[in-house]
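Novice: Spelled out, the chains give:
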Amino acid sequence: MSIILAKWGEQPNNYFNFKGDCTMYSIFKVSKLKVLCFCLYLFFAMTAFSWAVEFKDYAVPEECLKQAQKEGTLNIYDWAEWWPEEIYTNFEKQYGIKIIRDNYASDDEYVAKFKLNPNCPYDIMLPSTRGMIQLKALDILQKLNKEWLPNAVQYLPEKNKKVWYDVDNNYGIPTDRFFYGYSYNTKYVNSNDPRMGSWALLYEGKEFKGRITMLDEMFVVIGNGLKYLGYSYNSDNEQELMQVRDLLLKQKPQVMAYDSWPKRLVLEEEAWLSNCWVGDSYFYFQELNTIRGVLPKEGTENGVDPLVIPKGAPHPAAAHLWINYIMSPKVNTELIMGIGYSPNHKASQEMVSEDFKKWPGTIPSREYLEKCETINEKAMTGKGLELRSKIWEELKK
Amino acid sequence: MPDHIKPLEKDSKVRKLSGEQTGKSLVPELVKYLGPIILVQLVFVLAPLAIILLFSLLKTGAYGKIIYAFTLDNYVKLIDGGYGMVFLKSFFYAVQTNFMCILISYPLAYYIARYGKRWKMFFIFMIIIPSWTAYIVRLYALKTLVGSNGLINSWLMGFGLIDAPIQFLYTPLAVSVGLVYTWLPFMVLPLFAAMEGLDSSMWEAAEDLGATPFRRFVRITLPLTRGGLLAGTILVMIPALGDWLVPHLLGGSKVMMAGMVVAHKFTTTGDIPAGSCMATALASILLLVLYFVIKWGGREALEQSL
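If you read the protein sequences in the order shown, they are chains A and B. At the far end of the first sequence sits residue 404, using my numbering, and the numbering has no gaps. At the far end of the second sequence sits residue 351, using my numbering, and the numbering has no gaps.
No lab work stands behind these hints: they were computed from the structure. Do not rely on the hints blindly, as some may be mistaken.
[To be verified] To give an idea of the interface, some chain A residues facing chain B are shown, with a C-beta separation under 7 Å as derived from the structure:
| hint | residue |
| --- | --- |
| 1 | Gln141 |
| 2 | Gly217 |
| 3 | Lys385 |
| 4 | Thr388 |
[To be verified] Stretch-level coverage of chain B by chain A, calculated; a stretch enters the list once three of its residues show a Cβ under 8 Å from a Cβ in chain A:
| hint | segment |
| --- | --- |
| 5 | 168–180 |
| 6 | 186–194 |
Owing to the predicted nature of the structure, the values given are computational and were not obtained by experimental measurement. Glycine included, C-beta positions come from ideal geometry on N, C-alpha and C.
Could you put together the complete structure from these sequences and hints?
Specialist: Here it is in structure tokens:
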């Protein structure tokens, strides 16, 4: 913010200096300049002041910072190729703490790893809602020290504190909010198609044979199918699930691939309709301007990507510092604008650009949120899981 | 008896048979010569297998938590879980891959060994070098070659041979081709080694005695390279049977091979004991295949593959 202010402040100054060289204005030069400069200064100072009041970056307590700097490194275990690289390098520059990263490509990968060794030496992880529920059930997560996370305390929306799997955000701090949907290419898919805006186009778009990609995620593909048929995302009702099975088996001949990161297929225009996290469609759009995103009207899963600290973390203070850094208004806005996901932060939902707010799924309405569901134990354990597994195996056979 | 002729020294076998050798000095000697290899085998081969076998006998709780209690449920579920089709399909792909590899490698190895002359090593290196790069990188390279907007399709369209790109990726054919492409070098090398060992005077003799080329092949070349053939089969068919990256990357995850079912159990379902149970079953089948190959091909197969 201060850089922008400085730039804006300079511009009028130069302008007047230039004009001031003309003899006509030379008499008034000093006074006019001074008054104008003062007005400008007052105006910007006031705006800057109001920003500062609303969206201040709260620093961690001295004690945490000192300990973090003594620890010196931070082991991050998160998604490959997702968050902008600058977020990591800026943290290293700002605090002089070295970041060592390790990546995974799916929720299941890290859960399997922690199941076999609960004391993996990672400081920070970025699971999705489902991964976090599993990690917490396996008793792997550390309780967070809220005193060391002033930004999170200040900026997390109230509704976040009521989620069933983590009341009061004691174990994870959500950095964003995600919804599933699909992207389409306006060159090949008519935007005025009557099925546009519904899951129908993706699940029953028969004319797009070999041009559809689905996520390679069991819970997502089956859950959204349930939503499309008007059932709960977490249903464990056999009849309902069997209907989804038929739907998916009928869809399979149209599917080009089950791929969780079909970026290349979308950008090279091989896939015209592509099941994705809605935020990813914004990401594709940056590189190919005929891509649009759709947030299906039937609803979908409403999930978050929380930052968590496992129990075996060797550098807990640095981990808290990292969470607080990510939750600072500036960094969180940068992050959200980089990945195209929905902000889950009181400041960054105001600070993102107007263009960004227009993209589907970035700032969803209250009514839409009511149609969405959070994943829960009904889908993830017992009969729900067993039936889903069976359907998935049959689908891939 | 003249002085310079000493009685023959009995070799160890004779000494052992005659009871001169006591068991005492045998153990340190075994440790000395076989100790390192036994240690390596224990740590890197037997221990992981034992862990998998152990996990396959455990229970699973909610959210995939491993419960340390004995059960045979996983095996019961495996038998009536309807996985026969998946195993059969994998087997089909593996046999097909092996067969295609033999069809391609046999003439290749034959021509290199017989007519390669001073270029022999060059040709063999051209076959080996690609396998130095990681297998996943090669699959991605293949993807860019044969994709709808890939090199081959754009050339064909550029020359006006086809109007629309041929959809090749994400079909069962792509899986077959990918498997052959990945494992081909492992068939060529043992076959080449076997062919190299052939004495060309054998062929000459057969020719002199009036054998037709076909008869020469059936009676001389084939029996003498059987070891190489079986060695190649060990190196190709067994990994191909457990492969899951090729169906994932080239088949668009639409074809489930045995390796993928194991991966699915381990990750998506999160049921590690069930996954271990499947891995054990798969490994047993592979061991059975190995056993028959060795039984049929004898020691030559093993020696050639080393």
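Novice: Would you settle whether the hint for Lys385 (chain A) is holds or violated, based on the nearest Cβ-Cβ distance to chain B being less than 7 Å?
Specialist: The hint is violated - Lys385 (chain A) has no Cβ within 7 Å of chain B, the shortest such distance being about 12 Å.
Novice: Please verify that hint: Gln141 (chain A), Cβ, nearest Cβ of chain B, below 7 Å or not.
Specialist: This hint holds: Gln141 (chain A) lies near chain B, its Cβ roughly 5 Å from the closest one there, short of 7 Å.
Novice: Examine the segment 168–180 of chain B: at least three residues should have C-beta closer than 8 Å to a C-beta of chain A.
Specialist: Three-residue rule not met by the segment 168–180 of chain B, so violated; n is 0.
Novice: Just to make sure I understand the rule, a stretch counts as covered if three or more of its residues have a C-beta closer than 8 Å to a C-beta of the chain. Does the segment 186–194 of chain B meet that for chain A?
Specialist: Holds: 3 residues of the segment 186–194 of chain B have a Cβ under 8 Å from chain A.
Novice: Hint Gly217 (chain A) vs chain B: min CB-CB distance below 7 Å?
Specialist: Status holds, d = 6 Å.
Novice: Against chain B, is Thr388 (chain A) within 7 Å by beta-carbon distance?
Specialist: Since the shortest Cβ distance to chain B is 5 Å, the answer is holds.
This entry does not satisfy hints 3, 5, going by the numbered hints stated previously.
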